[in-house]
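A.B. asks: In case you want the letters, here they are:
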Amino acid sequence: MTGSPGREQVSRVLQQHGALMVLAALVIVGSVAFDSFATAGNAASVLVSSSFTAIIAIGMTFVIISGGIDLSVGSLFVFGGVLAAYGSQYGLFVALALPLAACGLVGLLQGLLIARTGMAPFIVTLAGLLGVRGLMLAISDEGATTYLVKDSAFARLGQGGLFGLTWPVYITALLAVVAMVLLQRTAFGQNVYAVGGNEPGAALMGVPVARTKVYVYLMSGLLAGLAGVLNAARLSSGVTILGIGLELDVIAAVVIGGTLLTGGAGGITGTIAGVLLLGVIQSLINQVGNLTSAFQQVVSGLFLALVVVAQRLLGRAQRLG
Amino acid sequence: MSQSAAPVLEARRISKRFPGVVALDGVSLALLPGEVHALVGENGAGKSTLIKVFTGVHRPDGGDLIYNGSPVAFGTPLDAQRAGISTIYQEVNLVPMMSVARNLMLGREPRGRLGVIDTARMYGEAERILAGYGVVTDVRRPLRTFGMGVQQMVALARAVAIDARVVIMDEPTSSLEPREVETLFSVIRRLRDDGIAVVYVSHRLDELYEVCDRVTVLRDGRVAHTGPLAELERLKLIALMLGRDLDEVRTGGLTRFSRDRRHARERDGAQPAVRAEGLTRRQVLRGVDVSVWPGEVVGLGGLLGAGRSETAKGIVGALPLDAGRVVVAGLPLRTGSTTAAIRAGVGLLPEDRKAEGIIPALSVRENIALAALPSLSRAGVVSDAKIDKVVEVFMRRLRIKAASPHQPVQELSGGNQQKVLLARWLAIRPKILLLDEPTRGIDVGAKAEVQALVDELAEEGLGVLLISSDLEELVEGADRILVLREGAVVGELSGDDVTEDTIMTSIAERGAESDG
Ligand SMILES: Nc1ncnc2c1ncn2[C@@H]1O[C@H](COP(=O)(O)OP(=O)(O)OP(=O)(O)O)[C@@H](O)[C@H]1O
Ligand SMILES: [Mg+2]
Numbered sequence: 001m002t003g004s005p006g007r008e009q010v011s012r013v014l015q016q017h018g019a020l021m022v023l024a025a026l027v028i029v030g031s032v033a034f035d036s037f038a039t040a041g042n043a044a045s046v047l048v049s050s051s052f053t054a055i056i057a058i059g060m061t062f063v064i065i066s067g068g069i070d071l072s073v074g075s076l077f078v079f080g081g082v083l084a085a086y087g088s089q090y091g092l093f094v095a096l097a098l099p100l101a102a103c104g105l106v107g108l109l110q111g112l113l114i115a116r117t118g119m120a121p122f123i124v125t126l127a128g129l130l131g132v133r134g135l136m137l138a139i140s141d142e143g144a145t146t147y148l149v150k151d152s153a154f155a156r157l158g159q160g161g162l163f164g165l166t167w168p169v170y171i172t173a174l175l176a177v178v179a180m181v182l183l184q185r186t187a188f189g190q191n192v193y194a195v196g197g198n199e200p201g202a203a204l205m206g207v208p209v210a211r212t213k214v215y216v217y218l219m220s221g222l223l224a225g226l227a228g229v230l231n232a233a234r235l236s237s238g239v240t241i242l243g244i245g246l247e248l249d250v251i252a253a254v255v256i257g258g259t260l261l262t263g264g265a266g267g268i269t270g271t272i273a274g275v276l277l278l279g280v281i282q283s284l285i286n287q288v289g290n291l292t293s294a295f296q297q298v299v300s301g302l303f304l305a306l307v308v309v310a311q312r313l314l315g316r317a318q319r320l321g
Numbered sequence: 001m002s003q004s005a006a007p008v009l010e011a012r013r014i015s016k017r018f019p020g021v022v023a024l025d026g027v028s029l030a031l032l033p034g035e036v037h038a039l040v041g042e043n044g045a046g047k048s049t050l051i052k053v054f055t056g057v058h059r060p061d062g063g064d065l066i067y068n069g070s071p072v073a074f075g076t077p078l079d080a081q082r083a084g085i086s087t088i089y090q091e092v093n094l095v096p097m098m099s100v101a102r103n104l105m106l107g108r109e110p111r112g113r114l115g116v117i118d119t120a121r122m123y124g125e126a127e128r129i130l131a132g133y134g135v136v137t138d139v140r141r142p143l144r145t146f147g148m149g150v151q152q153m154v155a156l157a158r159a160v161a162i163d164a165r166v167v168i169m170d171e172p173t174s175s176l177e178p179r180e181v182e183t184l185f186s187v188i189r190r191l192r193d194d195g196i197a198v199v200y201v202s203h204r205l206d207e208l209y210e211v212c213d214r215v216t217v218l219r220d221g222r223v224a225h226t227g228p229l230a231e232l233e234r235l236k237l238i239a240l241m242l243g244r245d246l247d248e249v250r251t252g253g254l255t256r257f258s259r260d261r262r263h264a265r266e267r268d269g270a271q272p273a274v275r276a277e278g279l280t281r282r283q284v285l286r287g288v289d290v291s292v293w294p295g296e297v298v299g300l301g302g303l304l305g306a307g308r309s310e311t312a313k314g315i316v317g318a319l320p321l322d323a324g325r326v327v328v329a330g331l332p333l334r335t336g337s338t339t340a341a342i343r344a345g346v347g348l349l350p351e352d353r354k355a356e357g358i359i360p361a362l363s364v365r366e367n368i369a370l371a372a373l374p375s376l377s378r379a380g381v382v383s384d385a386k387i388d389k390v391v392e393v394f395m396r397r398l399r400i401k402a403a404s405p406h407q408p409v410q411e412l413s414g415g416n417q418q419k420v421l422l423a424r425w426l427a428i429r430p431k432i433l434l435l436d437e438p439t440r441g442i443d444v445g446a447k448a449e450v451q452a453l454v455d456e457l458a459e460e461g462l463g464v465l466l467i468s469s470d471l472e473e474l475v476e477g478a479d480r481i482l483v484l485r486e487g488a489v490v491g492e493l494s495g496d497d498v499t500e501d502t503i504m505t506s507i508a509e510r511g512a513e514s515d516g
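Which chain is which? The protein sequence lines are A and B, in order. Count the first sequence with full-length UniProt numbering and you get residues 1 to 321, in order. Count the second sequence with full-length UniProt numbering and you get residues 1 to 516, in order.
If you are wondering where the hints come from, they were derived from the structure by calculation, not from laboratory data. Glycine is no exception: its CB is placed at the ideal position from the N, C-alpha and C atoms. A hint or two may mislead.
[Unchecked claim] Partial pick of chain B residues on the chain A-facing surface, computed with a CB cut under 10 Å:
1) P77
2) A80
3) V95
4) P96
5) R102
6) M105
7) E109
8) R111
9) G112
10) I117
11) A161
12) F185
13) S186
14) R189
15) L373
16) S375
[What the hints assert, rightly or not] In silico contact screen, one side only, chain A against chain B (beta carbon under 8 Å); selected entries:
17) G134
18) L135
19) A138
20) A187
21) F188
22) G197
23) N198
24) G201
25) A202
26) L204
27) P208
28) G264
29) A265
[Stated by the list, open to error] Label-pair distances were calculated between CB atoms; the ranges are:
30) A:I28 / B:R140: 24 to 34 Å
31) B:A161 / A:Y170: 38 to 48 Å
32) A:V29 / B:H406: 18 to 28 Å
33) A:V29 / B:S337: 56 to 66 Å
34) B:D79 / A:L148: 50 to 60 Å
35) A:L135 / B:D388: 49 to 59 Å
36) A:L148 / B:A161: 58 to 68 Å
37) A:Q89 / B:A161: 52 to 62 Å
38) A:F122 / B:E500: 52 to 62 Å
I would like the entire structure built from these sequences, with the hints used as guidance.
C.D. replies: Okay, structure coming up:
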């Protein structure tokens with residue numbers, strides 16, 4: 001055999017669970033170093049603030065595994081929030097349905113363009129990013145109008161909860177489980193891996209390549225919209241100035257979680273670990289107190305660079321066995 | 001095989017044009033249920049193109065496809081697959097990063113509760129299916145961690161497991177070792193007995209005669225001959241493929257290795273062209289020593305996974321080593337650097353041309369000139385005229401069939417891509433050439449040409465390390481043969497000892513010992 005099973009297994013475990021291990025280490029260090037870190041309150045706040053990024057990152061994981069990228073999610077997140085707040089004046093149903101329909105439609109269009117015309121995902125979703133942001137500015141009078149949430153049932157969706165955690169956390173957990181099953185245990189999930197791993201090969205193996213891509217971008221759009229909806233419910237308003245550069249944070253979390261930016265490998269567990277890792281870093285920096293939050297970005301950036309280097313080394317170890 | 005049966009799949013006057021070439025020109029072929037139909041022809045004759053028309057990858061420009069008695073037009077490979085036409089393509093087309101089991105079962109995974117994939121059953125089933133092909137392994141490991149042979153078996157198992165009426169195999173044996181080829185043949189015979197039609201493409205004539213019932217010869221996109229294979233003399237078949245007279249072929253247009261070197265020759269030069277000592281890599285190589293003297297052709301024998309390709313890669317620094325050193329013409333080579341190896345005059349023709357060699361989007365010219373650029377340029381400025389000259393020479397000598405030197409390599413037929421890669425390493429005028437399966441996928445005519453070239457280069461003082469699963473090629477080509485097993489050299493044969501039998505025995509003997 002060309003491979004040495006031991007080495008190959010170690011590198012595979014590191015690839016898949018590296019983020020989780022670092023997360024655990026950071027939590028332990030944080031608990032020892034700061035009294036106020038390992039409190040229920042702090043844990044809850046990390047979970048709550050991470051849940052929105054996590055929902056978007058779940059969709060992004062599918063996109064990246066399929067070999068693509070979705071830059072439009074930050075814009076869709078805000079767009080979804082604004083539409084939800086606007087729709088809430090017509091009741092809970094409209095507050096949910098309107099943004100999901102709109103964001104789903106954008107995702108679907110992007111997917112169709114990418115899958116049918118063969119245009120680069122980077123370009124198509126960059127156009128999506130700009131277009132949706134423009135659209136959103138238009139309906140909010142250049143950001144001057146802020147829509148307040150009018151429906152209290154809807155607001156409760158973002159603010160209510162159980163055991164000190166708000167609903168978005170539970171919704172995220174549920175979505176993560178569903179996504180895991182979808183990715184690992186359904187034909188669709190397998191097709192996503194196959195398309196990202198070897199697109200021409202997948203086509204010859206009978207994988208519906210175009211359809212798989214369309215679904216992936218549709219999903220990403222829907223989830224970005226949903227995250228926006230929940231965020232609007234939490235803040236009781238659709239704030240337009242949020243979410244600039246959010247797509248990059250999400251991509252960073254997914255890659256830190258072990259998903260290959262080149263497609264074909266990755267998973268939901270890693271992504272969730274990646275999102276939490278960024279959340280914990282943020283929280284630790286807050287604990288230190290005299291560091292600004294800009295510092296958090298520096299640390300995240302360093303981390304990302306580290307992960308990408310590690311991935312290359314691990315990838316080499318696996319290939320050469 | 002029942003001659004009376006109606007064809008299951010039929011091509012009628014199919015034409016297919018690509019920019020600059022007519023790949024298929026009015027090709028008709030009828031495939032009967034329960035027959036194994038050989039499809040042969042030179043590199044670029046149109047075999048793969050015809051197959052891709054059958055399976056919906058290409059749309060024909062003219063002509064009809066008749067399947068089960070009615071005209072069809074498959075839009076995609078999926079359509080063809082659903083209709084019962086299953087294909088193994090020339091280049092292994094699986095997903096390297098996915099596990100063996102997932103590759104094998106993709107698209108028909110066993111379902112458990114709620115329609116969710118039952119992974120336990122999937123792994124069990126994959127193990128069982130592969131065991132039927134003599135592959136016993138951890139099916140959870142990513143496919144890419146296995147050698148080409150295993151990958152090819154997975155592709156085969158996958159194609160056959162799909163409930164098919166027609167199974168098409170485009171050069172399925174190119175990465176298989178003899179034992180696996182036997183397995184493949186028994187699978188093919190089983191398919192035939194079940195009334196399935198098999199299309200079999202190969203450049204290895206022995207195989208054709210062993211397993212095929214009828215043959216269609218393609219030449220330059222046209223059918224040159226169709227008929228029962230057994231009645232067709234071997235030389236006649238070659239003559240048909242090459243489009244030459246039978247007499248011309250008979251009087252030795254096809255000599256292979258021609259030098260007489262059955263006897264140990266005195267070694268020119270005081271030191272070996274390359275000397276590798278104690279090449280070690282955990283679980284792959286265990287202290288391999290190889291020396292090649294100038295003008296000598298050293299063969300590496302052994303089964304797949306014995307460490308032959310790894311030895312070659314270790315020498316050029318493409319495989320990280322735990323221990324060992326390589327000395328080229330007396331000077332130690334910096335380990336782990338392919339650049340240093342090339343500069344020292346060591347060239348490697350890799351086994352997996354798709355992953356490790358060809359740059360698909362670049363032209364034939366650029367692919368050939370790539371490694372030789374430093375020697376073809378002065379002060380970093382590349383001389384176009386020199387490149388043109390080199391490219392022209394090798395395209396002619398290796399008979400590379402391309403519309404022009406500027407055609408992207410990915411548009412060439414599989415065999416012609418292989419020739420381009422070979423030309424690249426010949427163009428650096430190496431001191432030592434490591435050839436890993438140099439004639440795989442190359443047609444009979446060009447195969448002789450490549451072998452003659454290896455001979456000629458050795459005469460000129462080049463040292464050659466030859467890896468080939470084709471024992472005949474090893475025996476005729478090599479002065480000396482090292483037999484590898486499980487990453488270690490277990491035997492050396494030279495002079496009159498070099499025969500197919502002695503190699504086989506050497507491999508088997510050691511096998512029995514270490515198994516016991
Ligand atoms: N996509 C393409 N674009 C342009 N030309 C092509 C393309 N595919 C094949 N050709 C050309 O069509 C001709 C036939 O190629 P084909 O791959 O069918 O040959 P083949 O008989 O399978 O050869 P081999 O034995 O080398 O595999 C060649 O001249 C090749 O260059
Ligand atoms: Mg071919």
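A.B. asks: Work down the list of hints and note, for each, if the structure agrees.
C.D. replies: Taking the hints in turn, this is what the structure says about them:
{"no.": "1", "hint": "P77", "verdict": "5 Å, holds"}
{"no.": "2", "hint": "A80", "verdict": "9 Å, holds"}
{"no.": "3", "hint": "V95", "verdict": "4 Å, holds"}
{"no.": "4", "hint": "P96", "verdict": "6 Å, holds"}
{"no.": "5", "hint": "R102", "verdict": "6 Å, holds"}
{"no.": "6", "hint": "M105", "verdict": "8 Å, holds"}
{"no.": "7", "hint": "E109", "verdict": "7 Å, holds"}
{"no.": "8", "hint": "R111", "verdict": "9 Å, holds"}
{"no.": "9", "hint": "G112", "verdict": "8 Å, holds"}
{"no.": "10", "hint": "I117", "verdict": "4 Å, holds"}
{"no.": "11", "hint": "A161", "verdict": "12 Å, violated"}
{"no.": "12", "hint": "F185", "verdict": "24 Å, violated"}
{"no.": "13", "hint": "S186", "verdict": "24 Å, violated"}
{"no.": "14", "hint": "R189", "verdict": "25 Å, violated"}
{"no.": "15", "hint": "L373", "verdict": "25 Å, violated"}
{"no.": "16", "hint": "S375", "verdict": "29 Å, violated"}
{"no.": "17", "hint": "G134", "verdict": "36 Å, violated"}
{"no.": "18", "hint": "L135", "verdict": "36 Å, violated"}
{"no.": "19", "hint": "A138", "verdict": "41 Å, violated"}
{"no.": "20", "hint": "A187", "verdict": "7 Å, holds"}
{"no.": "21", "hint": "F188", "verdict": "10 Å, violated"}
{"no.": "22", "hint": "G197", "verdict": "4 Å, holds"}
{"no.": "23", "hint": "N198", "verdict": "5 Å, holds"}
{"no.": "24", "hint": "G201", "verdict": "4 Å, holds"}
{"no.": "25", "hint": "A202", "verdict": "6 Å, holds"}
{"no.": "26", "hint": "L204", "verdict": "5 Å, holds"}
{"no.": "27", "hint": "P208", "verdict": "7 Å, holds"}
{"no.": "28", "hint": "G264", "verdict": "4 Å, holds"}
{"no.": "29", "hint": "A265", "verdict": "5 Å, holds"}
{"no.": "30", "hint": "A:I28 / B:R140: 24 to 34 Å", "verdict": "31 Å, holds"}
{"no.": "31", "hint": "B:A161 / A:Y170: 38 to 48 Å", "verdict": "42 Å, holds"}
{"no.": "32", "hint": "A:V29 / B:H406: 18 to 28 Å", "verdict": "59 Å, violated"}
{"no.": "33", "hint": "A:V29 / B:S337: 56 to 66 Å", "verdict": "40 Å, violated"}
{"no.": "34", "hint": "B:D79 / A:L148: 50 to 60 Å", "verdict": "54 Å, holds"}
{"no.": "35", "hint": "A:L135 / B:D388: 49 to 59 Å", "verdict": "55 Å, holds"}
{"no.": "36", "hint": "A:L148 / B:A161: 58 to 68 Å", "verdict": "60 Å, holds"}
{"no.": "37", "hint": "A:Q89 / B:A161: 52 to 62 Å", "verdict": "57 Å, holds"}
{"no.": "38", "hint": "A:F122 / B:E500: 52 to 62 Å", "verdict": "55 Å, holds"}
Hint compliance for this structure: hints 11, 12, 13, 14, 15, 16, 17, 18, 19, 21, 32 and 33 are not met, and every other hint is.
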